Amino acid sequence: TPGSRGKGKQPEAQKSTWICWIYPLDPSPASLPFSGRAPYPSVPPELGSPRLDTGMTPPRKTLFPPEKICMDWRQKRRPGAGLHNLGSTCYLNVILQCLTYTAPLANYLLSRHHSRFCRQQGFCMMCIMEAHVRKVLYSSAAAIRPRAVIRDLKCKQCFNRPDFPGDAYEFLRCTVNAMQRACLTGSRE
1 TPGSRGKGKQ PEAQKSTWIC WIYPLDPSPA SLPFSGRAPY PSVPPELGSP RLDTGMTPPR
61 KTLFPPEKIC MDWRQKRRPG AGLHNLGSTC YLNVILQCLT YTAPLANYLL SRHHSRFCRQ
121 QGFCMMCIME AHVRKVLYSS AAAIRPRAVI RDLKCKQCFN RPDFPGDAYE FLRCTVNAMQ
181 RACLTGSRE
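First residue of the sequence shown? That's 1 in UniProt numbering, and the numbers climb one at a time after it.
If you are wondering where the hints come from, they were derived from the structure by calculation, not from laboratory data.
Among the hints, erroneous ones may be present.
Stated by the list, open to error - Lysine to any residue pairs mimicking SDA-like chemistry, simulated, CA-CA at most 25 Å apart: (1) K68 - R134; (2) K135 - R173; (3) K135 - C70; (4) K61 - N85.
The structure displayed is predicted, hence computed values, not measured ones.
With the hints as extra help, turn the sequences into a complete structure.
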């Protein structure tokens with residue numbers, strides 16, 4: 001509970017508002033998400049070029065060409081807004097922060113590639129995440145309320161009520177599955 005941390009009383013404003021922040025373990029500039037490193041990581045010469053012959057059947061459809069995947073941030077920018085806890089949603093906020101600060105995913109979502117071609121009617125987790133990532137990274141506020149994600153989320157087996165404590169792993173699994181379904185919807189193959 002908000003009043004259980006530390007000795008003494010907390011101001012009323014702190015009792016009603018919690019913000020979940022994710023900080024890097026290594027605070028050096030090179031470890032920060034928007035450090036301006038090269039857009040593609042280098043492969044050590046002794047490892048050769050990346051191999052695609054994993055013994056697996058190649059996919060029938062490539063959603064995004066591997067050569068266009070940028071493993072680092074495309075632009076330098078300040079860290080985005082934190083997320084307010086709306087009831088017992090800290091587990092949800094942690095997963096949203098992890099997905100928001102996964103550089104290849106964030107780069108893709110910020111490109112609006114999915115929403116430009118999305119043919120899905122109604123709920124689309126990729127469009128929801130795209131709007132969320134843009135809101136977090138472009139906001140000048142210290143923290144935002146992830147109401148749109150909570151309002152639009154349709155994965156009922158993972159997210160029953162926004163005020164009910166949940167399992168972060170289940171929410172991550174549900175979200176990634178919904179994002180994959182959104183990418184595959186409309187595919188002829």
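Let me make sure I understand: some of the numbered hints might not hold for this structure. Which ones are they, in numerical order?
4
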